[in-house]
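Assemble the whole structure, with the sequences as input and the hints as a guide.
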Amino acid sequence: MTEVQGVSVHLQACAKTFPDGTRALEAVSLDVARGETMVFLGPSGCGKTTTLRIIAGLERPDAGGRVLFDGEDVTHLPIERRKVGMVFQSYALFPNMSVAENIGYSLKIRGIDRAERAARVAELMALTGIGGLENRSIDQLSGGQRQRVALARAVAMRPRVLLLDEPLTALDASLRERLRAELNRLLRSLGITAVYVTHDQAEAMALGDRIVVMRSGAIAQIGTPREIYFEPANRFVAEFVGAANILEAEAGEGFLALRGGRLPIGGSAKAVKGNVVAMVRPEAVTFVAPEGALLTGRVETVSFIGDRLRCTVVGVSERPLSIDAPNTISVSPGDQVGLSIDPDAVRLFPKESA
Amino acid sequence: MSGATFLRLSLVPLAVIVLAFFVLPMSQLIIAGANGPLGLKAYAAILLEPRYRETLVNTVLLSLAVTLATLVISTIAGLFVQRNRFPGRAVLIAMLTFPLAFPGVVVGFMIILLAGRQGLIGEVTQNLAGGKVVFAYSIGGLFLGYLYFSIPRVILTVMAAVEKLDPRLEEAARSLGAGPWAVQRDVILPALTPAFIASSAISFATAMGAFGTAFTLATNIDVLAMLIYTEFTLGANIAMAAALSVGLGVVAWAILALARSFAGAAVAAAG
Ligand SMILES: Nc1ncnc2c1ncn2[C@@H]1O[C@H](COP(=O)(O)OP(=O)(O)OP(=O)(O)O)[C@@H](O)[C@H]1O
Ligand SMILES: [Mg+2]
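Order-wise, the sequence lines are chains A and B.
Residues in the first sequence are numbered from 1 upward in steps of one, following this note's numbering.
Residues in the second sequence are numbered from 1001 upward in steps of one, following this note's numbering.
There's no promise every hint is true.
Said to hold, decoys possible - Distance ranges between label pairs, derived from CB positions:
#1 B/R1053 with A/S142: 20 to 26 Å
#2 A/N184 with B/A1257: 51 to 57 Å
#3 B/P1167 with A/S303: 43 to 49 Å
#4 B/P1167 with A/E72: 23 to 29 Å
#5 A/R178 with B/A1254: 28 to 34 Å
#6 A/E231 with B/P1167: 55 to 61 Å
#7 B/L1007 with A/S303: 47 to 53 Å
#8 B/P1167 with A/G306: 41 to 47 Å
#9 B/G1179 with A/E72: 17 to 23 Å
#10 B/P1167 with A/A13: 24 to 30 Å
#11 B/T1005 with A/E177: 30 to 36 Å
#12 B/V1018 with A/P95: 32 to 38 Å
#13 B/L1019 with A/G132: 34 to 40 Å
These are computed hints drawn from the structure, not numbers from a lab.
Backbone N, C-alpha and C define an ideal beta-carbon position, used for all residues, glycine too.
Next up, the structure:
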């Protein structure tokens, strides 16, 4: 059911300085394509919510910044005329209205008649799996149900863009995972343009067509989940998204010289010489026999975490190396091990990126 | 000592206070009302005797008018002051809540200064229009005095309630297309309803029983508190004074109960 036609969103040099002088956002420019789900990911205070509120029309960007929906300049349009749907972390459901009245509120405001409204509300309630609750009051709902009501309310008038600010953060872990999958299905089936704010990287990976990683009011990287994970633009992104081993080493002749031996590097990185910062994901390292291995070290810790083993190995680099190994192999602390790392899995960062 | 014993022991002082300050004097008052020459008919006289009935109706109408005006003024002022930061805001809040400690006599005095024979309004109208406007000693003066008396109490309640409003609710309503009026109607006012009920109860009950202001302004105003005073001190009609006091209490209580159930129904209907 691809009923909702979203718009493309374009932010052009949107900076934000709050009246108290807080510089929440540097001039940020980005594009969200029609029907795309764009996830803003970053640590607390990096400006995710501020960016979302600028798109919504709840904040004005500093002079010079512009917000465009499908090329139309909406910078000075107040939120009530932007036709955006919003889902807040606290849901912000109206306590004086029933579930059905909450969901139908935008339709009532637009003067849509009672019968048509009821039909649309019923359709949305079925879509979000809360049929039968229409006459409940908000304080009689569970957290998960509230979340669905908030979502149904936000998409009721077929918004031009759906904005979600940490909509799952208030829920417990198992429910969060289930709702994440549901939300994903819903966003795809609606074909709606969505901007989704979270500080949970797993959520970002699962939901985002693309991810914007933010850091101190600026964009650290924009890319698909795969790009962000496998080709992080800098050390910050590498460490923020997934687990990463950061190696500071001397490069030369296609190798990184490490304390525990030599690590081959591939592709264009071969030509690099001198001091570099490199990143290796824990699952890209495999255990091999120590004899003849290019890299060797000593196992320090082994934790069994069900689907895999998380080990640390010392003597390879300055800091212990984290390794995710299959849960079938047997290693114990104290073992001397050889390590093999696919050259293509080694990512080099320019020296200046901190 | 078990928890239950402790709880029961702590109830003793409460029981003593309730008995000494509420139950005994109230029953004494009720008995006194029926102990005059009229007997129980003293209570009937409140409604049957035209002078009493008119005073009762006047007092109720005046109190309702004061409550309504106070609510409107305090809501607008409270919302504005709580939502906006501007120079002089602290001074304004201080001024709005300043009369909180004033006794009715002082409020009455201020009304005389404003609208009395030598008052400010009189002076201005004398100079501008040639006729002196004096309303301090009429129901208008009393209305103004009670208003002045009520606003600080209500505005503080409203400000506290506004502060507790979740700004996300308003933003959510706006995102759904609600303009400023719709936001007020659908989000802000419903959220403030409990505060309205509580503060209008205070405002109404205070106006029903206010005496100091009426006494200071007393020329040709009849309100219940004044009537009771007159019956008691001038007429030495203790029984009638007691009956009227009970009547005042019952009417105030009944109207508040009515308002509360009405508001409760309204909240339930909206919810
Ligand atoms: N109204 C405001 N006035 C002043 N500073 C503000 C205001 N709103 C946000 N800030 C500041 O702007 C910065 C960015 O805030 P923002 O809410 O966008 O962060 P965020 O990335 O959403 O963080 P979180 O994950 O904690 O929600 C923070 O330093 C915050 O303190
Ligand atoms: Mg935030």
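Please check whether A/E231 and B/P1167 have a Cβ separation lying inside 55 to 61 Å. At roughly 40 Å between Cβ atoms, B/P1167 and A/E231 fall outside 55 to 61 Å, so the hint is violated.
Quick one: are A/N184 and B/A1257 within 51 to 57 Å, going by C-beta?
53 Å, holds
task: For A/R178 and B/A1254, compare the CB-CB distance with the range 28 to 34 Å and indicate the outcome.
output: 53 Å, violated
Worksheet item: Per the hint of 24 to 30 Å, is the separation of the Cβ atoms of B/P1167 and A/A13 within bounds?
Response: For A/A13 against B/P1167, whose Cβ atoms are near 28 Å apart, the range 24 to 30 Å holds.
Problem set entry | Distance restraint hint 47 to 53 Å, applied to the beta-carbon atoms of B/L1007 and A/S303 | With Cβ atoms ~52 Å apart, the hint holds.
Problem set entry | Range hint compliance [Cβ, B/T1005 to A/E177, 30 to 36 Å] | 50 Å, violated
Worksheet item: Is it true that the C-beta distance of B/G1179 to A/E72 lies inside 17 to 23 Å, as the hint says?
Response: Since B/G1179 and A/E72 have Cβ atoms about 20 Å apart, the given range 17 to 23 Å holds.
Is 41 to 47 Å respected by the C-beta to C-beta distance linking B/P1167 and A/G306? At roughly 43 Å between Cβ atoms, A/G306 and B/P1167 fall inside 41 to 47 Å, so the hint holds.
Practice item. Determine whether the Cβ-Cβ distance between B/V1018 and A/P95 falls within the hinted range of 32 to 38 Å. Key: 35 Å, holds
* Asked: Do B/P1167 and A/E72 keep their Cβ atoms within the hinted range of 23 to 29 Å?
  -> 28 Å, holds
Could you see if the CB distance from B/P1167 to A/S303 stays within 43 to 49 Å?
-> With Cβ atoms ~45 Å apart, the hint holds.
Cβ-Cβ distance between B/L1019 and A/G132: within 34 to 40 Å? For B/L1019 and A/G132 the Cβ distance comes to about 53 Å; the hint is violated.
Violated hints, listed in ascending order, are 1, 5, 6, 11 and 13; each of the other numbered hints is respected by the structure.
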